[in-house]
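K.L.:
For the record, the sequence lines run as chains A and B.
Residue numbering for the first sequence follows UniProt numbering, starting at 1 and increasing by one per position.
Residue numbering for the second sequence follows UniProt numbering, starting at 1 and increasing by one per position.
Any given hint could turn out to be false.
Said to hold, decoys possible - Derived Cβ-Cβ restraints for the label pairs, each shown as a range:
hint : chain 1 : residue 1 : chain 2 : residue 2 : range
1    : A       : Arg82     : B       : Lys301    : 43 to 51 Å
2    : B       : Val180    : A       : Ser218    : 18 to 26 Å
3    : B       : Lys160    : A       : Glu63     : 35 to 43 Å
4    : B       : Asp20     : A       : Pro280    : 40 to 48 Å
As the list claims (entries may be wrong) - Derived lysine-lysine pairs resembling DSSO-like cross-links, with alpha carbons at most 30 Å apart:
hint : chain 1 : residue 1 : chain 2 : residue 2
5    : B       : Lys80     : A       : Lys80
6    : B       : Lys226    : A       : Lys80
7    : B       : Lys80     : A       : Lys226
8    : B       : Lys226    : A       : Lys226
9    : A       : Lys36     : B       : Lys226
10   : A       : Lys271    : B       : Lys80
11   : A       : Lys279    : A       : Lys202
12   : B       : Lys271    : A       : Lys36
As the list claims (entries may be wrong) - Reference listing, derived: stretches of chain A covered by chain B, where coverage requires no fewer than 3 residues with Cβ under 8 Å from a Cβ of chain B:
hint : segment
13   : 45-53
14   : 70-77
15   : 101-110
No wet-lab data here; the hints were simulated from the structure.
We treat Cβ as the ideally placed atom computed from N, Cα and C, and that holds for glycine.
Number of protein chains: 2
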Amino acid sequence: MASNATNGTTDANAAASRFDPNFTQHVIDLMAPETKPRHRQILTSLIRHMHDFCREVELTQSEWVLGVNYINALGQAYEKNRNETWRVMDILGIESLVDEINHSLVLEDGRAPTSSTILGPFWSPETPFRELGGSVVQNMPKDGELTFFHGVIKDVDTGKGIPGAVFDMWQASTNGKYDVFDPENQTRHNLRGKFRTDENGKFWFYCLKPTEYAIDTSGPSAELLKIMGRHPYRPAHIHMMVTHPDYIGVTAQLYPKDDPYLATDTVCAVKDDLLLDFKPVQNEPNGAVLDVEYNVRMAPKKYKPDSTMLMENANQNKF
Amino acid sequence: MASNATNGTTDANAAASRFDPNFTQHVIDLMAPETKPRHRQILTSLIRHMHDFCREVELTQSEWVLGVNYINALGQAYEKNRNETWRVMDILGIESLVDEINHSLVLEDGRAPTSSTILGPFWSPETPFRELGGSVVQNMPKDGELTFFHGVIKDVDTGKGIPGAVFDMWQASTNGKYDVFDPENQTRHNLRGKFRTDENGKFWFYCLKPTEYAIDTSGPSAELLKIMGRHPYRPAHIHMMVTHPDYIGVTAQLYPKDDPYLATDTVCAVKDDLLLDFKPVQNEPNGAVLDVEYNVRMAPKKYKPDSTMLMENANQNKF
Numbered sequence: 001m002a003s004n005a006t007n008g009t010t011d012a013n014a015a016a017s018r019f020d021p022n023f024t025q026h027v028i029d030l031m032a033p034e035t036k037p038r039h040r041q042i043l044t045s046l047i048r049h050m051h052d053f054c055r056e057v058e059l060t061q062s063e064w065v066l067g068v069n070y071i072n073a074l075g076q077a078y079e080k081n082r083n084e085t086w087r088v089m090d091i092l093g094i095e096s097l098v099d100e101i102n103h104s105l106v107l108e109d110g111r112a113p114t115s116s117t118i119l120g121p122f123w124s125p126e127t128p129f130r131e132l133g134g135s136v137v138q139n140m141p142k143d144g145e146l147t148f149f150h151g152v153i154k155d156v157d158t159g160k161g162i163p164g165a166v167f168d169m170w171q172a173s174t175n176g177k178y179d180v181f182d183p184e185n186q187t188r189h190n191l192r193g194k195f196r197t198d199e200n201g202k203f204w205f206y207c208l209k210p211t212e213y214a215i216d217t218s219g220p221s222a223e224l225l226k227i228m229g230r231h232p233y234r235p236a237h238i239h240m241m242v243t244h245p246d247y248i249g250v251t252a253q254l255y256p257k258d259d260p261y262l263a264t265d266t267v268c269a270v271k272d273d274l275l276l277d278f279k280p281v282q283n284e285p286n287g288a289v290l291d292v293e294y295n296v297r298m299a300p301k302k303y304k305p306d307s308t309m310l311m312e313n314a315n316q317n318k319f
Numbered sequence: 001m002a003s004n005a006t007n008g009t010t011d012a013n014a015a016a017s018r019f020d021p022n023f024t025q026h027v028i029d030l031m032a033p034e035t036k037p038r039h040r041q042i043l044t045s046l047i048r049h050m051h052d053f054c055r056e057v058e059l060t061q062s063e064w065v066l067g068v069n070y071i072n073a074l075g076q077a078y079e080k081n082r083n084e085t086w087r088v089m090d091i092l093g094i095e096s097l098v099d100e101i102n103h104s105l106v107l108e109d110g111r112a113p114t115s116s117t118i119l120g121p122f123w124s125p126e127t128p129f130r131e132l133g134g135s136v137v138q139n140m141p142k143d144g145e146l147t148f149f150h151g152v153i154k155d156v157d158t159g160k161g162i163p164g165a166v167f168d169m170w171q172a173s174t175n176g177k178y179d180v181f182d183p184e185n186q187t188r189h190n191l192r193g194k195f196r197t198d199e200n201g202k203f204w205f206y207c208l209k210p211t212e213y214a215i216d217t218s219g220p221s222a223e224l225l226k227i228m229g230r231h232p233y234r235p236a237h238i239h240m241m242v243t244h245p246d247y248i249g250v251t252a253q254l255y256p257k258d259d260p261y262l263a264t265d266t267v268c269a270v271k272d273d274l275l276l277d278f279k280p281v282q283n284e285p286n287g288a289v290l291d292v293e294y295n296v297r298m299a300p301k302k303y304k305p306d307s308t309m310l311m312e313n314a315n316q317n318k319f
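Here chain A stands alone, though its shape is the one from the complex:
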């Protein structure tokens, strides 16, 4: 059994036979009849999976104590702008998976709106609208590469541009920091902007080519990365939150298609349709050295009438 599990297969049923077959159901049945249905559903599944996990790997008592201590260490490390539990969830792919569960939408004939990916903690509700063709670069870093970013926001059913949609974007500077965490180098709202599409659904503006950065490695989440033999880097990315009253919103991150960390993103948030192709340009009128086009596909709200966006996440700063 132990050797089976080592090579990645599981054999919970075989292992379970050595143990009391009624124990897990006993714990589940301790819930009172008045337990709320959703609480019962979540706790039933959680208890089953935690018990199956323990039996499958035949967890030792020392390992279990280590796990308890680790969970305590995560909570003890908590402070404003530092959420190690959140980061561990990201490292294990949980935030990205929960995002998919809540936003995955495949239409009947295989059409799909632009993929969603995690919001992250740096979205701001105060980002200003800017004119089409404006620049979000208020403070140009020495190593910054000015980029002309443009595209069309389209209806996934008709393929037509959506006028009046909002393309809200934010990105870190070349030092890996967002404006609010870098007051020495960046003025408020640097590298943030909201753009409203024109009558054809088009938008265009200037930003920086994004650059990769490492997540904070001073806490217990870094121990998990080390155990797994993983690096702490996120691929370079530009965040976007695209909205329109008649369409299901799309929150995602866009990555240069040649970024070295796409396949090994620390927070497992890369998807195939979120890649950008930065092309060198010369003699661009506003001095851009790169050009990138990205089109967004939005689904009408009829497909998910109760859809909402979890913007309150933005108040849970974690990195």
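Given the coordinates of chain A, assemble chain B onto it according to the supplied hints.
P.N.:
Relative to the frame of chain A, chain B by itself:
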């Protein structure tokens, strides 16, 4: 899918089809080749079960954030003698399950040694040996019921008594407190004692009839109990740790067979062969009002040559 899960069945495969079928394996495959085999085994199983759990209940983002905050609250509540993470594990049956995984031993023809159950945080390595027939009651509470406790420690194969085995016992006083947490009422080593069996494997001594008590309900673990509609009581119990150099040790808790909390123990640590029948007696020479017999079955070490007991748990006070 959601309604299936509500009534206790699971349908992870059906739910999974809506989502990227490769994502979980992607996260697992982020582990580097040099990851230690046991780390790989544990994390592979943990990632699979956590992902299946999220998909099965279609966890919402708000619920996920609530979970992250709850884990943080557990760690933030940590202090000496207060381990809320440990207690949550107990409420979910995890400590008891891990104990079973590490100690379950069923011999070929159905014979079984006495069941193991969780050690708890109150065992002491300094408990003194006492004479057979002595009393562990150094401080008799007003509502205490003196009990004559006796039995035989037997070889599970031969049924014969094991001479020189050690029956180490400890119990709370009638106020629900152990000696070290109750210096006003109890002298050191009150209600603790080690007894060495005679040439026939017999032991006998005086103790109190144990009484039920509630676990601490001032922290986040009590929120979980409340959500599940569960009470905070442990059934009354006497702890025992039985050892002999040639036998696999047995650590367990013994419960009055008529205790009202047997079926709903907060920490899920009751087993059918750990029940005590307290019988009233009159004119007992040392004033006992109750008599209880309990025999222990031990398996020779040949069945598990590498068995050890996790006494270091005793340093992880949690209640």
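K.L.:
For each hint, tell me whether it holds in the structure or not.
P.N.:
Verification of the hints:
1. A/Arg82 - B/Lys301: 43 to 51 Å: holds (49 Å)
2. B/Val180 - A/Ser218: 18 to 26 Å: Because 37 Å falls outside the window, the suggested range is violated.
3. B/Lys160 - A/Glu63: 35 to 43 Å: holds (37 Å)
4. B/Asp20 - A/Pro280: 40 to 48 Å: violated (33 Å)
5. B/Lys80 - A/Lys80: Between lysine 80 of chain B and lysine 80 of chain A the Cα gap is close to 24 Å, so the pair holds against 30 Å.
6. B/Lys226 - A/Lys80: holds (29 Å)
7. B/Lys80 - A/Lys226: The hint holds at about 29 Å.
8. B/Lys226 - A/Lys226: violated (37 Å)
9. A/Lys36 - B/Lys226: holds (11 Å)
10. A/Lys271 - B/Lys80: Violated: lysine 271 of chain A and lysine 80 of chain B sit about 45 Å apart, past 30 Å.
11. A/Lys279 - A/Lys202: Holds. Lysine 279 of chain A to lysine 202 of chain A sits at ~19 Å (cutoff 30 Å).
12. B/Lys271 - A/Lys36: Holds: lysine 271 of chain B and lysine 36 of chain A sit about 29 Å apart, inside 30 Å.
13. 45-53: That given contact holds, which follows from 9 residues of the segment 45-53 of chain A lying within Cβ reach (below 8 Å) of chain B.
14. 70-77: holds (count 7)
15. 101-110: holds (count 4)
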